[in-house]
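With full-length UniProt numbering as the guide, the letters of the sequence shown map in order to residues 1 to 129.
Calculated directly from the structure, the hints in this document are not laboratory data.
Small disclaimer: the values here were computed from a predicted structure and weren't measured.
One thing to keep in mind: the hints can contain errors.
[Unchecked claim] Mimicking SDA-like on lysine to any residue, the simulated pairs with C-alpha atoms at most 25 Å apart in a straight line are:
id : residue 1 : residue 2
1  : LYS111    : ARG60
2  : LYS111    : VAL85
3  : LYS118    : THR35
4  : LYS113    : THR39
5  : LYS2      : GLU64
6  : LYS2      : LEU105
7  : LYS2      : ALA59
8  : LYS113    : SER15
9  : LYS120    : LEU107
10 : LYS111    : GLY73
11 : LYS111    : LEU87
12 : LYS7      : LEU87
13 : LYS7      : ILE116
14 : LYS2      : VAL53
15 : LYS2      : GLN23
16 : LYS2      : THR21
17 : LYS113    : LEU13
18 : LYS113    : SER42
19 : LYS111    : LEU96
20 : LYS7      : GLN29
21 : LYS120    : LEU6
22 : LYS7      : GLU106
23 : LYS2      : ARG60
24 : LYS2      : VAL26
25 : LYS118    : VAL99
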Amino acid sequence: MKVPILKLGHILLTSIQEDLTDQDAVDFQNNVLTTVMHTDASGIVIDITALDVVDSFMARVINETANMVGLLGSEIVVCGMQPSVALTLIEMGRELLGVQTALNLELGLEKIKVLIEKRKTSWTKNQSR
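Please model the entire structure based on the sequences and the hints provided.
Encoded structure:
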């Protein structure tokens, strides 16, 4: 299943609407990374509101994707995590370390804009030294 990725200015937005097989999750990761690289996006918001379950493999894919997006110079926010998903991840010991999260899509978009601005400000300060 291909998960669409929308471009809103310099921000990408994607919403996972159903459970992904392991192969779908890997394809999603590759698609996110390729799209970030080709669009020169400053950030991406991944909405997982529709997911009732996130298994350990999907949690690992999200974690790795966040780290990889960061290495490409972009920001990432995962939003819309269901309480049951958060509980399951903690119980499995698969919390999303270093991944910025937000309660819903609206807050996710606000957060990604703040993160992008912080990165720009930090970069500008480093360039002026």
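task: Could you tell me which of the numbered hints above are not met by this structure, giving the numbers in increasing order?
output: Violated hint (a single one): 12; every other hint is consistent with the structure.
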